[in-house]
Structure formats: structure tokens, C-alpha cells
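Build the complex: two chains, separate frames, hints provided.
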Amino acid sequence: MNSSFGLLAAVLVLLGALLSLFSAYGLIRLPDVYLRSHAATKSATLGVLFILTGAFLYFSLVEGVVSVKLLLGIVFVFLTGPVAGHLNARAAYRTGVKLWERSSQDDLKQALQQEREAAKDNGGQPKILKEDPLP
Amino acid sequence: MVAALLQLSLVLLALSITGCMYRLLKGPSASDRIAALDTIGILLLSMIAVLGMLLHTTVYFDIILVIGIVSFIGTVALARYIERGMVMEDE
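Chains as they are written, first to last, in the numbering used here: chain R, 1 to 135; chain Z, 1 to 91.
Excised from the complex, chain Z in its bound form (with noise of 0.2 Å):
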């Protein structure tokens, strides 16, 4: 019960993945693809989640770490980007 409950979510989280692929894909605007991104990244360490609660490990739990601060400091960095043309300001 546990599992299937489990298996469905990893099926809807997958499902939220690929709506976020098209609007990546589409997005009129960067800023558009650069919240799709950011969604991406964090279904992705939901997923990652799930995925360790199924297999009975709990291994997998520095990826979630690793992947939050990574999608946090590329939207940073992107937003950044397209708003003043550079990432870092040289002094």
C-alpha cells in the first residue's frame, strides 16, 4: 500500500517534470525559462526523496542537498545575468 502509494507519487512528480520541460522549452521570455528550471531542480530533489523512502536508504540524501543550493545559486546567478549583463560586479 505504502509502495503504490509511493509509485504513484513518483509518476505525478515525473508528470510535473515534463509540464516544467515545456514551458523550458517554450517560454517566451528567459525569465520564463529560468523558473521552469528552478521548479525542475526542485522536483527533481522531491523525486530524489521519494525515491530513498522507496528503496529503504537514506544514502541519497546528500543529492537532495547538494541539488538544493546548486538550482538555488544558477537562478541566482541567471537572474543576475539578464538583469544586469553580468554575474559578478568587478570592482
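Bound conformation, chain R alone (with noise of 0.2 Å):
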């Protein structure tokens, strides 16, 4: 029994890595930074998941060890790796990164000329929406 639940946890664990692996693949091949980033942040995410949970349920059904620090860690990486990508497409479109060639849809762009013309009426300020809201 003991066997089995091991044998599990090292399949999820070799998922992961495949995972890992597609994800590297991924962003040698693509051909942008926008496209790049799905396959840094998605699937990087998921693969290292799985081999986290995979380590959690090794340690806690053949080890007998419950390690709340794994669980933390899992939780961190969920939460913190699609907020990274985030940050890093939009400091990438903002400095101006061009698209790939073949790209047929750019909405942000419109956006973002807006936002930069309300900036210059209003003395190179970015425009305040709202007051301060603490009182």
C-alpha cells in the first residue's frame, strides 16, 4: 500500500517536470514576449504544482510527516506566479515591446493613447480618479 501511494506521488512529480519542460520549450519557440509569457507563467505554474503536491502526499503518506511549509509554499506559488506575469507583460507593453508581426488585435493600444492624452491635459500628471479615500 505503502508502494502505491509512493509510485503516485513520483508520477505527479514526472508530470510536472513534463510540464516544466513544455513550459521551457514554449518559450524558446514562441515568437513575442506576450506569447513567451504564457508559457513562462501558465504552465510553470501548474507543472511546479504538481510536483509540490506530489512531495506533500510522498511526505505525508509514506513518510508520515505532514509539512505545513509545503503547503505554504504551494499556496505562495499560486498565488504569487500569475501576479509576476501580469507585472511583466504590462512593464513590457508599457516600455513600448512590439508585438509579433502577425498579430491581428491590439485593443490596448486605443487605451492606452487615452490614458497618456489625459495625462498631458492634465500637466503630465497621470489623472487621479479618486480622492485620497482614507479621511
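Hints listed in this document are in silico derivations from the structure and should not be mistaken for laboratory results.
Even for Gly, the Cβ is constructed at its ideal location relative to N, Cα and C.
Take every hint as true, because none was put in to throw you off.
Non-contacting residues of chain Z with respect to chain R, defined by C-beta distances greater than 10 Å in every case (computed):
1. M86
2. V87
3. M88
If you anchor each label on the Cβ, the simulated ranges turn out as follows:
4. A4(Z) / Q114(R): 55 to 63 Å
5. M21(Z) / K120(R): 40 to 48 Å
6. A4(Z) / Q105(R): 46 to 54 Å
Structural data, given as C-alpha cells:
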């Protein structure tokens, strides 16, 4: 029984490692920062979640140690991976990294232009929508 | 059997880190390099988890938390730096 649990955990870890490999392949082959950020963010995060879940199952079912640190790591990676990817893609767009030449649609261009014109009218300052929310 | 699967996973993770290194060294824009660096941090974290399973020890799990936090903060700081030219806004 113990060894079948160990095998389950090892298969989960192997699945996570395969997902990480796909993510690295996408990071090499995709043509554009924004497309590459899909590979770097989604599949790498899912792969790491699989590996950490496999490690947690292995230690709790086979070795009999319930590791709260590992659970904390799972939650932390799950929360911060997408946030970091979003911040990075946003910084890339705002510093003017070009889209792939075969991209068909760019909705953000118009919105960013409007925001910059509003900032220009406001004397170089970005438009403040609300006053200080704290009393 | 379990140990063989875990060692195979370690090899696959090392290959993934090598692929990310290619993007880190070549990547045309700074955002490419930041994304590759973030991915390398996350893969390193999972490699340490697999290593702990192979060695039957839980002492390495502190390193997982530390690498996760440092990698996230580094990514946020670098992204803010290339977007605004500074990390902390001085009032």
C-alpha cells in the first residue's frame, strides 16, 4: 500500500516535470514577449504545483510527516506566479515592446493613448480618479 | 522504481532550466529576460522539492519558501524598474 502511494506521488512529480519542459520549449520557440509570457506563467506554475503536491503526498502518506511549509509554498506559488507574469507583461507593453507582426488585434493601444492624452491635459500628471480614500 | 522516476524528473527539470537559460541570455527585450529568470527560480524551487523526496528529508523545505519569496520580489522589482525607472517611489 505504501509503495503504491509512493508511485502515485512519483507519477505526479514526473507529470509536473513534463509540464515544466513544455514551458521551457514554449519559452524558446514562441515569437513574442506576450506569447512567451503564457508559456512562462501558466504551464510553469501548474508544473510546480504538481511537483509540490506530489512531494506533499509523498511525505504525508509514505514518510508520515505532514509538512505545513510545503502547503505554504504551494499556496504562495499559486498566488504569486500569475501576479508576477501580469506585472512583467504590463511593463513590457508600457515600455513599447513590439507585438508579433502577425498579431491581429491590439485593444490596449487605444486605451493607453487615451490615458496618455488625459495625462498631458492634466499637466504631465497621471489622472487621479479619486481623492485620498482615507479620511 | 520511485527513485528512478524522481531522478528522471530531476533530469527533465535540468533540461527546462537549460532552455530558460537560452532565453535569459538571448532574449531580445528586458521583459524576456525577467520572465526567464522568474521561471528559473520556480523550477529551482521544484528541483529542491524533488531532491528532498530523493534524500528522504524535510530540512530543505525552508529553502523552497525562501526561493519563492525572493524570486517573486525580484520579479516585481525588476518589472517596476523597467516600467518607471525606479523601484521605490520617493515621496
